[in-house]
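Visitor: Listed below are the residues making up each chain.
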Amino acid sequence: MADPRFFERAGPFALGALASAVGGELRNAAPEQVITDIGTLQTAGAGDLVFVNGKQYLEQLADTQAGACILRPEFAEHAPAGMGLILAADAHHAFAVIATLFYPDPTPEARIHPSAVVDATAEVGEGVQIDAGAVIGAGARIGAGCIIEPNAVIGRSVVLGERCRIGAGASVSHALIGRQVRIYPGCRIGQDGFGFASGPGGHLRIPQLGRVIIGDDVEVGANTTIDRGAAQDTVIGEGCRIDNLVQIGHNVTIGAGSVVVAQVGVSGSCHLGRGVVLGGQVGMADHVTVGDRAQVAAQSGLMRDVPAGAVVMGSPAKPIKDYWREVAALKKLVSRAP
Amino acid sequence: MADPRFFERAGPFALGALASAVGGELRNAAPEQVITDIGTLQTAGAGDLVFVNGKQYLEQLADTQAGACILRPEFAEHAPAGMGLILAADAHHAFAVIATLFYPDPTPEARIHPSAVVDATAEVGEGVQIDAGAVIGAGARIGAGCIIEPNAVIGRSVVLGERCRIGAGASVSHALIGRQVRIYPGCRIGQDGFGFASGPGGHLRIPQLGRVIIGDDVEVGANTTIDRGAAQDTVIGEGCRIDNLVQIGHNVTIGAGSVVVAQVGVSGSCHLGRGVVLGGQVGMADHVTVGDRAQVAAQSGLMRDVPAGAVVMGSPAKPIKDYWREVAALKKLVSRAP
Amino acid sequence: MADPRFFERAGPFALGALASAVGGELRNAAPEQVITDIGTLQTAGAGDLVFVNGKQYLEQLADTQAGACILRPEFAEHAPAGMGLILAADAHHAFAVIATLFYPDPTPEARIHPSAVVDATAEVGEGVQIDAGAVIGAGARIGAGCIIEPNAVIGRSVVLGERCRIGAGASVSHALIGRQVRIYPGCRIGQDGFGFASGPGGHLRIPQLGRVIIGDDVEVGANTTIDRGAAQDTVIGEGCRIDNLVQIGHNVTIGAGSVVVAQVGVSGSCHLGRGVVLGGQVGMADHVTVGDRAQVAAQSGLMRDVPAGAVVMGSPAKPIKDYWREVAALKKLVSRAP
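Residue numbers (numbering that gives the first Met the number 0), protein chains in the order written: chain A, 0 to 337; chain B, 0 to 337; chain C, 0 to 337.
Since the hints were made in silico from the structure, they are not lab data.
Don't take every hint at face value.
To be verified - Only pairs whose alpha carbons sit at most 20 Å apart, straight line, appear in this in silico SDA-like list of lysine to any residue: (1) A:331 with C:330; (2) A:331 with C:335; (3) C:54 with C:76.
Claimed, not checked - Incomplete in silico selection of chain B near chain A, CB under 10 Å: (4) 52; (5) 99; (6) 223.
Just so it is clear, the structure is predicted and the values come from calculations on it, not from any experiment.
The beta-carbon is built from N, C-alpha and C at its ideal position, and this holds for glycine as well.
The following block holds chain A by itself, in its conformation from the complex (with noise of 0.2 Å):
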């Protein structure tokens, strides 16, 4: 399915195989029928796996071609006749595994292009390819197996833990990187943060004094910018997930396995808790704290803090059942008005 001029594919795997790998369970098929890639139920062919992850796709799998599917147990008697099933009771989450088979993350090429500035006293690990154009400043240490792509730029003692991916054209600066992080192309790590005293002669700069530290398995999205903390440090806990365009101020930390949607705003010295879920183009406040698995709706406005566990939506934000309620009710009031 995927066009193998960008894609390399691995396999095929035995559907029995695929089952187990991701402790499913097999039926309707043989363990070793073929499986080749991974489709859509739309286009996919009789050696394609696909999945379903909820009712909506029940009328596309009776007319799917493909021969085999991953999806709910409870799913399982709207499966053509013949059809083999993997049932797994998080589809979605058997299906990232077994995509991740037929198409691995790319391994990093033992090499440093001859076009790369890697400063003498950097200390660069096994495994480790460093692209065209890409420089590596004094005293960083890159982790084995890394891949900087091109024209990315680490600064001077910056760390990156192992298998990190740095993305083109990004920089990094200030930096201690964890395990296993992603930082997608253009992404900006460690610049100073917006700091300075204000009076009538003018805005004068504060040294930004901080880090920017982030956890093993962290991705980092494209032209995303993260500031170094002004005296504390920036803290990206791990396993967070930080789409394109993002902006993140100096001091923040974020708990661990936090989502951050495309275009969100964090001010200064905000704190996020862990798993909380801030969608795209959210605002907030300098000083503002969300407790641990809150969710905030895309576009919000925090003034405030967010309670823990809260679901809060609007400009400024509210509960959500009281944002709809508003919604309605401003409504209701033009239909009433002459």
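Following the hints, complete the assembly by docking chains B and C onto the known chain A.
Guide: Relative to chain A, chains B and C alone:
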């Protein structure tokens, strides 16, 4: 008028030739009147051509020192005596054509800078200019007359049609791009979308196996990000204009001729029809469809589909009349309060 | 306090010398008391100087182990016995001055990296540092003491005043830039604005013939985009502070000392007076004027002019008192509903 350090001017041109070039009617002037430059009403001199695109400029027209003017026929009587006129129903378009005669796009210099890194398997067309530090990956095809600006990165197997221009520091991967496409500096095209399966064990990345397909004559603004598709492709139709700092998620399709203003966020799997206009900072939830020629006012938030031809505003978006009625009703409600 | 891998500390300094440097009054300490570093209230030790900028920190002040503190005279009585004090009316500003003594801006290393590409016709001033992979175009003038970070791109004929710093991967074209200007990584300055004449045949690009003019002592944040003018120039006045991911359209003028917070979008031909503050994610329609010292709250949307000194909020923006009255009225309306 334009600073000659930055802009090279062609010409001069005879006024009659300019009128012919735009299919306009020459009045009050000899066809051989010499025009040396274009200008603005306030600063133009006797050799300059200006344009008037609306009533609000008629007062300035009376005072200008310009030697000639492009304007709609009904404005002709407001021009000073002795000024050469080109009458054109669409004066704005006519001015664009003439401005491009005086200031044509730079012609590529057919050369690859020695510091550029072009993979041996890449195909580079006739007359291509590849600037310092640019990197072209294996199997990429760069169409005739393209300009690849300094430090831009073109990934493996990417296809660029003829006469594209890729801005400084931009990166393009997993993409098939048409002719005469302009990708502005810092633009990020083709990186993985924001796709993962979340569960108790964290957020498991799902391989993103689609591409970015961009039609002919598209412009994509500075530092804008366009993620490649997850299973399908992300598709930008011909003639679209996308401004700076826009986010386009995976699987999005945008119809021909649509205009997306700065800082808009289009979530994954949204579909825009042809000739859609999204104002600045608009946000769209995922899987939302906007019909042909619909217009969405700046800062609106779309959570539901928008029919073809509709004009909507607000967050959540509603028909623009309803939006302004709500604004008025709320103002009135407050004015009544004690 | 600051990680020595990333920050080089100067000093130590005598407390009396520091008090003199900021015009503050020394109290409770000998002028020769040695200060080795600056710190925060929570982490400082006996050799460290801290500052207190508001009542809310007086409790922490009582518990700090810091050897000395800068604070306003009226807070002096709250300091622990034996702590050296510098009394300064503007403690924040004084701390900024002293912090810069301990952590001065890095001095450029006068050298051009061998992998940088500097056109033979560019003029490079005394003591300029040009890092790996940077590209300097024909006829560009780089003022004395500038630092051009890795892979930054300076276009043809661009002028940089003395002691500018251009961040990693940034690009600057069609621009005249003053002294001591900081352009952060990934910033895009001088590309074409979003200008075209739309008609039945599509969107015809209009040549963008202006420049970007930036005054002395301006900062422009990471991945921010500033388009050059269409016919006039885009102008950023001296002393402005522009944060990350901001969009500035063509022909915009911004008066001296204005502050533009992250993710703001300023549409084409807007004019901001002197000392204006735009909060994060503010959006402005085109041709809107904001008067001197006006303040616009975060996420506001400006469709009309804002008078000098006004404080506005909301989308559409209104006087901030009216905004909060509307918020309260709407809440009350809902609470009354059945």
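Visitor: All hints are to be evaluated individually against the structure, with a verdict given for each.
Guide: Outcome of the hint check:
no. : hint             : in the structure
1   : A:331 with C:330 : 14 Å, holds
2   : A:331 with C:335 : 13 Å, holds
3   : C:54 with C:76   : 12 Å, holds
4   : 52               : 33 Å, violated
5   : 99               : 30 Å, violated
6   : 223              : 8 Å, holds
Of the hints listed earlier, those the structure fails to meet are numbers 4, 5, in rising order.
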